[in-house]
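Peer 1: With the hints as extra help, turn the sequences into a complete structure.
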Amino acid sequence: MKKVIRVLILEDNAADADLLVRHLTKSGLSFVSKIIESRKVFEECLDTFLPDIILSDFSLPSFDAVSAFKIIKRKNLNIPFIIISGTIGEENAVMLIKEGVTDYVSKNNYASLIQKINRALKEAEELVQKEDLIEKLKIQTAALLLANQELELQNAEKEKRAIELVNVNKELLAFNFISSHDLQEPLRKIQVFISIIMDKEMEKMSEAGRNNLKRIHVSATRMRQLIEDLLDFSRVSVVDHPYEINDLSAILEDVKAELSDAISQKNAVFKVNALTPAFIRPFQFRQLIYNLTSNSLKFSIPERKLDITIESVILKYNEFKLLNLPNGTQVCDYWNFTFKDNGIGFEPQYNQIIFIIFQRLHHREEYSGTGIGLAIVKKIVDNHNGIIIADGNLNKGVTFNIYIPIMEQNTEI
Numbered sequence: 001m002k003k004v005i006r007v008l009i010l011e012d013n014a015a016d017a018d019l020l021v022r023h024l025t026k027s028g029l030s031f032v033s034k035i036i037e038s039r040k041v042f043e044e045c046l047d048t049f050l051p052d053i054i055l056s057d058f059s060l061p062s063f064d065a066v067s068a069f070k071i072i073k074r075k076n077l078n079i080p081f082i083i084i085s086g087t088i089g090e091e092n093a094v095m096l097i098k099e100g101v102t103d104y105v106s107k108n109n110y111a112s113l114i115q116k117i118n119r120a121l122k123e124a125e126e127l128v129q130k131e132d133l134i135e136k137l138k139i140q141t142a143a144l145l146l147a148n149q150e151l152e153l154q155n156a157e158k159e160k161r162a163i164e165l166v167n168v169n170k171e172l173l174a175f176n177f178i179s180s181h182d183l184q185e186p187l188r189k190i191q192v193f194i195s196i197i198m199d200k201e202m203e204k205m206s207e208a209g210r211n212n213l214k215r216i217h218v219s220a221t222r223m224r225q226l227i228e229d230l231l232d233f234s235r236v237s238v239v240d241h242p243y244e245i246n247d248l249s250a251i252l253e254d255v256k257a258e259l260s261d262a263i264s265q266k267n268a269v270f271k272v273n274a275l276t277p278a279f280i281r282p283f284q285f286r287q288l289i290y291n292l293t294s295n296s297l298k299f300s301i302p303e304r305k306l307d308i309t310i311e312s313v314i315l316k317y318n319e320f321k322l323l324n325l326p327n328g329t330q331v332c333d334y335w336n337f338t339f340k341d342n343g344i345g346f347e348p349q350y351n352q353i354i355f356i357i358f359q360r361l362h363h364r365e366e367y368s369g370t371g372i373g374l375a376i377v378k379k380i381v382d383n384h385n386g387i388i389i390a391d392g393n394l395n396k397g398v399t400f401n402i403y404i405p406i407m408e409q410n411t412e413i
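For the sequence shown, the working numbering assigns the number 1 to the initial residue and increments by one for each residue that follows.
Hints are not guaranteed to be accurate.
List of simulated lysine-lysine pairs, DSBU-like, C-alpha gap at most 35 Å [said to hold, decoys possible]:
1) K214 x K266
2) K305 x K214
3) K75 x K138
4) K321 x K214
5) K214 x K200
6) K70 x K98
7) K34 x K98
8) K200 x K34
9) K378 x K305
10) K73 x K189
11) K107 x K138
12) K321 x K340
13) K130 x K40
14) K3 x K98
Pair by pair, the computed Cβ-Cβ distance ranges are [unchecked claim]:
15) Q265 x S62: 46 to 56 Å
16) I71 x H23: 24 to 34 Å
17) Q352 x Y243: 25 to 35 Å
No wet-lab data here; the hints were simulated from the structure.
Virtual Cβ for every residue (Gly too), placed ideally from N, Cα, C.
Peer 2: Structure follows, in structure tokens:
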């Protein structure tokens, strides 16, 4: 179920407010809204309505967007603030964005509004995650300091070094998450300024200037995708998500719904055989299935219907042992998840290379991507103490087999 977004609209013109609400409704956004026009009611709504996002006219008879945004800053609230106005002017827009306003949209052109709302909400959510992570790091650091003191008293140098290594690894992952998130703010401003130039100045520029600006726009978009993928990689590196018994059917349907446009465009057909329940981290396995599905859609053959086959079974240890897989040393039964497609595939010598972060087998001009998706898949499998094997064949597709050990705590499967 989609989250219902609380939208606070600061607008004194009833017709403009009605037009805005109708546009949001038509876009499919799940929301509730409150329309206000005074400072007093605005401050009350911050405490009672608890908005997820604020859409504000630039100038009202008794109040204005600048004053409203100052209240947000004074209260230290992390609420996206988008100005919607037909009279703001380019200089005022640039000034407000420098001050920290999330974005602006002209009343004459709502085409990009929903995209900007979704992006602003996503960035606000990531900021909350960042702050939570920083707080956890403070707690962990304090706990590690205490543990280090105890280790020094016990003179257990070997154990002390092991804990320090874990600490460094956590800090590196946290630094990657925080720095990747912090890169989004200047990048967002770059993209906003590019949009302003493309909207206002393109006709005045030379052909070479327009081409260069388009290249900048493409590079900025690619950088945003890279940062978002790095954030995903950081998230799956933190293994504090709980294990649950899950047969993946609900997760698979959720992924198919999210990728429905691409699935329809590629004419993809899913064949889902028996899905045996497994003891997994559902949050991470959703990312795994999403990445594998997205990978199949991206590397499909245009003139061929894309077939994706998914199944999972339990392998007894004697059956698993016959596979003679690397690192398969745990003496137990295994849950085997298989994901197969008939896309472009790859030569067998790349079966291991594809899981290395930033590795790409194709030029960016042929297929988009950052080279992180399958590295995330491998990391998720590692988090489950599992094994992943890729079996690629050029122009015939690829089969991914994942083997997760069934330990004593989940023998009820």
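Peer 1: Against the 35 Å threshold, does the CA-CA distance of K378 and K305 hold or violate the hint?
Peer 2: This hinted pair holds, its Cα atoms lying about 27 Å apart.
Peer 1: Would the pair K200 and K34 pass a check requiring their Cα atoms to be no farther apart than 35 Å?
Peer 2: Holds, at roughly 32 Å.
Peer 1: Sort out whether K214 lies within 35 Å of K321, counting only the CA atoms.
Peer 2: Roughly 55 Å separates the two Cα atoms, so the pair is violated.
Peer 1: Hey, K130 versus K40, does the alpha-carbon distance stay inside 35 Å?
Peer 2: Satisfied, since the Cα-Cα distance of roughly 32 Å is no more than 35 Å.
Peer 1: Is the hinted pair K107 and K138 satisfied, with a Cα-Cα distance of at most 35 Å?
Peer 2: Answer violated: K107 to K138 is near 45 Å, above 35 Å.
Peer 1: Holds or violated: the 46 to 56 Å window for the beta-carbon distance between Q265 and S62?
Peer 2: Taking Cβ atoms as reference, Q265 and S62 lie about 49 Å apart, which means the hint holds.
Peer 1: Is the hinted range of 24 to 34 Å satisfied by the C-beta distance from I71 to H23?
Peer 2: holds (26 Å)
Peer 1: So if I understand the rule, the pair passes when the alpha-carbon distance is 35 Å or less; does K321 with K340 pass?
Peer 2: Answer holds: K321 to K340 is near 22 Å, not above 35 Å.
Peer 1: Does K266 lie within 35 Å of K214 when you go C-alpha to C-alpha?
Peer 2: holds (27 Å)
Peer 1: Does K214 lie within 35 Å of K305 when you go C-alpha to C-alpha?
Peer 2: Holds, at roughly 33 Å.
Peer 1: Is it true that the CA of K73 sits at most 35 Å from the CA of K189?
Peer 2: holds (18 Å)
Peer 1: Checking one constraint from the list: CA of K3 to CA of K98, max 35 Å. Satisfied?
Peer 2: holds (30 Å)
In summary, the structure is inconsistent with hints 4, 11 from the numbered list given earlier, while agreeing with the others.
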